[in-house]
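A.B. asks: Letter by letter, the chains look like this.
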Amino acid sequence: MAPLSFATQVVQVLAGALLLISFAMLAERRSRRLLILLVWQGVVLVTSTVLVATSAHLTHLYYSAALTLLLKVCLLPWILFRLMRKLGIERDNEPLVNVPTLMLVGLGLVIFAFGLAQPVTALATTVLRHTLGIALAVILLSFLMILARRKAFTQVIGFLSLENGLFFAATSTTYGMPMVVELGMALDLLVAVFIFGIFFFHIREQFDSLDLDQLESLKED
Amino acid sequence: MTAVAYAWQVGECLLAIALAPLFAGWVGQCRAWLQNRSAPPLWQPYRVLRKLFHKDAALATHASWLFRAAPYVVFSTMVVAAAIIPSVTTDLPLARVADAIALVGVFATGRVFISLAAMDVGTAFGSMGARREMMIGFLAEPALLMVLFCAFMTYGSTALPSVVEGALSQHAVVLHPSLFFAGVAFVMVLLAENARLPVDNPSTHLELTMIHEAMILEYSARHLALLEWASWLKLFNYACIGFALFLPWGIAVHGAGIGLLALAIGALLVKLVIAGAALALFETLSAKLRLFRAPEFLTMAFLFAVLGLLVYLLLGV
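Protein sequence lines correspond, in order, to chains P and B.
Quick note on my numbering: the first sequence kicks off at 1 and runs consecutively.
Quick note on my numbering: the second sequence kicks off at 1001 and runs consecutively.
Accuracy of the hints is not assured; some may be wrong.
[As the list claims (entries may be wrong)] Partial chain B-side listing against chain P, Cβ under 7 Å, derived:
1) Val1106
2) Pro1177
3) Leu1208
4) Phe1292
5) Glu1296
6) Thr1299
Just so you know, these hints were derived from the structure itself, not from any lab.
Backbone N, C-alpha and C define an ideal beta-carbon position, used for all residues, glycine too.
Let's have the full structure, built from the sequences with the hints guiding it.
C.D. replies: Structure representation (structure tokens):
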């Protein structure tokens, strides 16, 4: 294998860090620390995007990195922090059943994602094509996190981490999406978080908690 | 060549035996500073050893030969382990004979003997500690093996000296994402195996949650001294495995002169100072886990190590 440039190596390490953060999120019980992990994921994403932009000399990637920094590292976490404080769930401790099993399922997903990425990698031409497997794994792990969680708030964090995984997949295989698509997605995300915020209050008004298991009581027996 | 190599083999063992209490003392000192206590002197562990060696040993009435033999066995397994790990030089005749998988076996032997001895007298504390130790051990061992496999795959050998030589022979700086995963897993295994804070509290002496202390509760005098020394040696050994796998810079490779060896000892000391301070900082920041959370902690370690292997397969570095 040809020796890789230092920037590419750093991006590969950052890809590893993304995967590590995804697993940490899967096992984290406290909402507050989960949100902090999401911020870290955003920081890693911005750093890797900037590095890809410098090594591939692509100006539009700088814009998308700036957009990510603004939206995913600053604005969305700030909105979510405020929501958390308003809902009074800052110190919430979500019970998770059987974390070791969850971890092993996650490991299976990672193997699946790596296998899935292999044929795509063979066709891609970017230097970072190998990290596509990691991006796919982050996406699948976020899905698993949404499935395993019972609280609405943590499911939203899972959704945002899913979007981070998609963004990373786009940067690693095709050097980012067209600007229009990226702007549209950013706007979607922002609106989604606002709508989620409104839903949180509705759910809590109805059931006195954000536990989604209670939604089942809507069913008629 | 051989005579010099054997001399360094013995010298390295003696260095490990002599430095291990100092390292433990340094970790204790850092912890005390971080907790705003006045710190014990750096050579406090040596004083403890001298005090214990001067006392008369008291044995339980029902103690068998196993109870008396265990401290010597445990201490010698740790010395053998120190002989295999290339902490100063890779020119070790013993390390060429036994690879890192044998090293894990040596650690396991020590663990089995200390657990058997703890159950031998038949006190409740002892057998409880032994059972807990075995639970932690059987979860930590696969994680440790996976960490080692990760490094073995990267450098293509199961012997620790070859791993160190492989890492030092790279000309350009190569970052290995797989080894970052393995490094995180290794730190978790180190904490669990050495009865450090998130899994066991090393500073408690009479508590229901203790693991290591519960096993050596019945020991006194020279037996206790040997066991304490062995546990300090174990921490030292784990630190040196970590240096060999992840921070090999400074270790003298095959055929190095006396100047480079002196430099290697200096580098080892610097690394130990930094690692001890980091360990103390981590221990001060983290709270003890409930015992039934320990499997979760070690599953994470195992998982990170396996992820390291997978990332190696995916990225090829």
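A.B. asks: Of the hints given before, which are not true for this structure?
C.D. replies: 1, 3 and 4
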